[in-house]
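Colleague: Spelled out from the first residue to the last, the chains are:
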Amino acid sequence: MGLTFAEKILSDKAGKLVVPGEIIEITPDWAMSHDNTAAISKTFYDIGVDKLYNPDLHIIVLDHCTPAANEKYAQNHKIVREFVKKQGIEKFYDINAGICHQVMAEEGYGLPGTVIVGSDSHTTHLGAFGAFSTGIGRSEMAVIMASGKIWFRVPESMRVILLGSPPGGVFPKDVALYIVGKIGADGAIYRSIEFSGPYLESLSMDYRVVFSNLSVEMGAKNGYIKPDDKTFAYLALRTKRAYQPVYPDPDAEYIENAEIDITNIAPQVACPNTVDNVKPIGEVVGTPVDEAFFGTCNGSRLVDWKVVASILKGRKIHPDTRLICIPASTRVYMDALNAGYVRTIMEAGGIVENAGCGPCLGAHQGVPAPGEVVISTANRNFKGRMGSREAEIYLASPATVAASAIKGVISDPREFLL
Amino acid sequence: MSTIKGRVFKYGDDINTDVIFPGKYTYTVTDPNQIAKHALEDLDPEFSSKVQLGDVVVGGKNFGCGSSREQAASCLKYAGVGAIIAKSFSRLYFRNCLNFGLPPITSPEAVDVLEDGDEVEIDLENGKVITSKGIFNIPPLPESIRGIIDSGGLIPYTRKRLGIDK
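Residue numbers (our numbering), protein chains in the order written: chain R, 1 to 418; chain G, 1001 to 1166.
The set of hints was computed from the structure by calculation and includes no laboratory data.
Computed from a predicted structure; not experimentally measured.
All C-beta atoms, glycine included, are put in the ideal place defined by N, C-alpha and C.
Any given hint could be a false lead.
Here are the simulated DSS-like pairs of lysine-lysine, each with C-alpha atoms no more than 27 angstroms apart in a straight line [claimed, not checked]:
(1) G:Lys1166 / R:Lys51
(2) G:Lys1024 / R:Lys383
(3) R:Lys149 / G:Lys1166
(4) R:Lys42 / R:Lys85
(5) G:Lys1087 / G:Lys1133
(6) G:Lys1037 / G:Lys1050
(7) R:Lys182 / R:Lys85
(8) G:Lys1010 / R:Lys42
(9) G:Lys1010 / R:Lys383
(10) G:Lys1010 / R:Lys78
(11) R:Lys13 / G:Lys1133
(12) G:Lys1005 / G:Lys1128
(13) R:Lys8 / R:Lys306
(14) R:Lys149 / R:Lys51
(15) R:Lys240 / R:Lys13
(16) G:Lys1005 / G:Lys1050
(17) R:Lys8 / R:Lys149
(18) G:Lys1024 / R:Lys42
(19) G:Lys1160 / R:Lys51
(20) G:Lys1024 / R:Lys72
(21) G:Lys1037 / R:Lys72
(22) R:Lys91 / R:Lys149
(23) G:Lys1087 / R:Lys42
(24) R:Lys149 / G:Lys1160
(25) R:Lys383 / G:Lys1128
(26) R:Lys383 / R:Lys407
(27) R:Lys42 / R:Lys8
(28) R:Lys182 / R:Lys226
(29) G:Lys1160 / R:Lys383
(30) R:Lys86 / G:Lys1160
Ranges of calculated distance between the beta carbons of each label pair, as one might list FRET restraints [to be verified]:
(31) R:Lys149 / G:Gly1080: 30 to 36 angstroms
(32) G:Glu1125 / R:Thr239: 28 to 34 angstroms
(33) G:Pro1139 / R:Thr263: 53 to 59 angstroms
(34) R:Lys279 / G:Thr1003: 45 to 51 angstroms
(35) G:Pro1139 / R:Gly48: 32 to 38 angstroms
(36) G:Glu1125 / R:Gly282: 41 to 47 angstroms
Based on the provided sequences and hints, a complete structural model is requested.
Modeller: Here it is as structure tokens:
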């Protein structure tokens, strides 16, 4: 019997053949942390160790509240910078880089056949590059700092097979939300998802990551997409590091094969307060929105800026709605500047802020007031997520967010795309 | 491993990390007593004033879905919660509970019969959830994982393994 991707890569790492359910201990290829490195460093020292097991394992990106919104956040960043210097961590990206998952991709750390852990749940993002990439807790990161080791339960694997391609005006985020709606918030708990289908193969890396990023919203441990020529070309521009892709065996056995027909779907919206509360846009069109938020690791890459700018070109946002735009990275920001997208969006009335997580987790840069409604390109809409437990968050594609900003109500973007 | 005994605080399915411990506090609230005060703030604002040492949080499926933030596990531990019983747990939450020495117990049967305010006893040694409506067996944790719980969490476990604590 063949091996799934997860079984194969974890067998390689463990140096023995492993089976689902087995507990193994391994050393990851990369260990990523962000602003929470301050808390992690405290736990690391509490363990009673002075020096990192291996500083080269660690990648640190400040993104969760950048630049610091107040004294507490500033102190937090200061602790991280001091820790980085003291421990000799070379792969450090300060507040001017962008969101950790996007920076990891741009800097070429998302290598096929590697095991990546991050103290952030959306670390599943890099599965789009054929990595085994998953979130861990802060204490676990501190233990990796001290010992280089982490325990894993070898996950069961399921396939998500996309049948067909969506109609025009329907974007990868719509398809990804549709999948979350079908599988459910707990449909892939502790599982390794392997995505496949001709539609995914047709997408650029900037779009493939949307699926892997959202995998954790179905409970998955990782969201693998087979690396191919597009993956290799993306990496060739960004890194000289060597890698060895890992592919599942054709006769591997899966706990579930979910076939999802995407041929006739409409733009999708995840309604409050769960990511799997997904409806076709027709059911929510007309809902007034106070804030349209275009940003986050799930939906603010150059391809998204292009779409948003094309919709806003020559138009104005609705006077009762504010549009907050935050690029996923500084590189995206500069590319969007060069392409004229930033100017177009600002002329339409949008605000463009520096790269980072922004208001996604309720820290700063545009959090909603109680009772307000937000439509957002983010990946989470839980109650209180953006700060106020009385605010409502709808999740949608960048195109839908842009169209809704223009009309002041949730709107189908297809009328602007003709 | 000891026995856990307390009252049940029962909630529904998909209890996520934002309602267990809001993201806006993850960098600003760091003292354990303060972390405990915000436990379940957006789900049950009175929880932190009502909970007593050894009480048990009971949830439906996918308990703890969402963020990797450990405070969603530690806030309940600091608030005095002895264990969590759920129909299923999100992966990260399950790990974070183990790593803080807060037993995450999967028992859909126990969840079905337990009601808010019930008394419940959990015998970790023998793998049983004891309620007035029946006794339910719980699946044993793998041996290597039991070591983490027995040590009181991942950090004390690591200190032992690295020879820092004998």
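Colleague: Now look at each hint and say whether the structure bears it out.
Modeller: Structure-based check of all given hints:
1. G:Lys1166 / R:Lys51: holds (20 angstroms)
2. G:Lys1024 / R:Lys383: Satisfied, since the Cα-Cα distance of roughly 12 angstroms is no more than 27 angstroms.
3. R:Lys149 / G:Lys1166: This hinted pair holds, its Cα atoms lying about 20 angstroms apart.
4. R:Lys42 / R:Lys85: holds (15 angstroms)
5. G:Lys1087 / G:Lys1133: holds (17 angstroms)
6. G:Lys1037 / G:Lys1050: holds (11 angstroms)
7. R:Lys182 / R:Lys85: violated (46 angstroms)
8. G:Lys1010 / R:Lys42: violated (34 angstroms)
9. G:Lys1010 / R:Lys383: Holds, at about 18 angstroms.
10. G:Lys1010 / R:Lys78: With a Cα-Cα distance of about 41 angstroms, the restraint between Lys1010 of chain G and Lys78 of chain R is violated, given a limit of 27 angstroms.
11. R:Lys13 / G:Lys1133: The given pair, whose Cα atoms are some 46 angstroms apart, is violated under the 27 angstroms limit.
12. G:Lys1005 / G:Lys1128: holds (12 angstroms)
13. R:Lys8 / R:Lys306: violated (38 angstroms)
14. R:Lys149 / R:Lys51: holds (15 angstroms)
15. R:Lys240 / R:Lys13: Holds - the C-alpha atoms of Lys13 of chain R and Lys240 of chain R are around 22 angstroms apart, at most 27 angstroms.
16. G:Lys1005 / G:Lys1050: holds (16 angstroms)
17. R:Lys8 / R:Lys149: holds (19 angstroms)
18. G:Lys1024 / R:Lys42: holds (20 angstroms)
19. G:Lys1160 / R:Lys51: holds (17 angstroms)
20. G:Lys1024 / R:Lys72: Holds: Lys1024 of chain G and Lys72 of chain R sit about 12 angstroms apart, inside 27 angstroms.
21. G:Lys1037 / R:Lys72: holds (19 angstroms)
22. R:Lys91 / R:Lys149: Judged against 27 angstroms, a Cα distance of about 19 angstroms means the pair holds.
23. G:Lys1087 / R:Lys42: The hint is violated at about 34 angstroms.
24. R:Lys149 / G:Lys1160: The given pair, whose Cα atoms are some 14 angstroms apart, holds under the 27 angstroms limit.
25. R:Lys383 / G:Lys1128: Violated. Lys383 of chain R to Lys1128 of chain G sits at ~34 angstroms, over the 27 angstroms cutoff.
26. R:Lys383 / R:Lys407: Holds, at about 25 angstroms.
27. R:Lys42 / R:Lys8: Violated - the C-alpha atoms of Lys8 of chain R and Lys42 of chain R are around 35 angstroms apart, more than 27 angstroms.
28. R:Lys182 / R:Lys226: holds (22 angstroms)
29. G:Lys1160 / R:Lys383: Violated, at about 40 angstroms.
30. R:Lys86 / G:Lys1160: holds (25 angstroms)
31. R:Lys149 / G:Gly1080: 30 to 36 angstroms: With a Cβ separation near 31 angstroms, Lys149 of chain R and Gly1080 of chain G satisfy 30 to 36 angstroms, so the hint holds.
32. G:Glu1125 / R:Thr239: 28 to 34 angstroms: Check failed, 51 angstroms falls outside 28 to 34 angstroms.
33. G:Pro1139 / R:Thr263: 53 to 59 angstroms: violated (41 angstroms)
34. R:Lys279 / G:Thr1003: 45 to 51 angstroms: Given about 46 angstroms between the Cβ atoms, the range holds.
35. G:Pro1139 / R:Gly48: 32 to 38 angstroms: About 33 angstroms separates the Cβ atoms of Pro1139 of chain G and Gly48 of chain R, which means 32 to 38 angstroms holds.
36. G:Glu1125 / R:Gly282: 41 to 47 angstroms: violated (56 angstroms)
Violation of the numbered hints given earlier is confined to hints 7, 8, 10, 11, 13, 23, 25, 27, 29, 32, 33 and 36; the remaining hints are satisfied by the structure.
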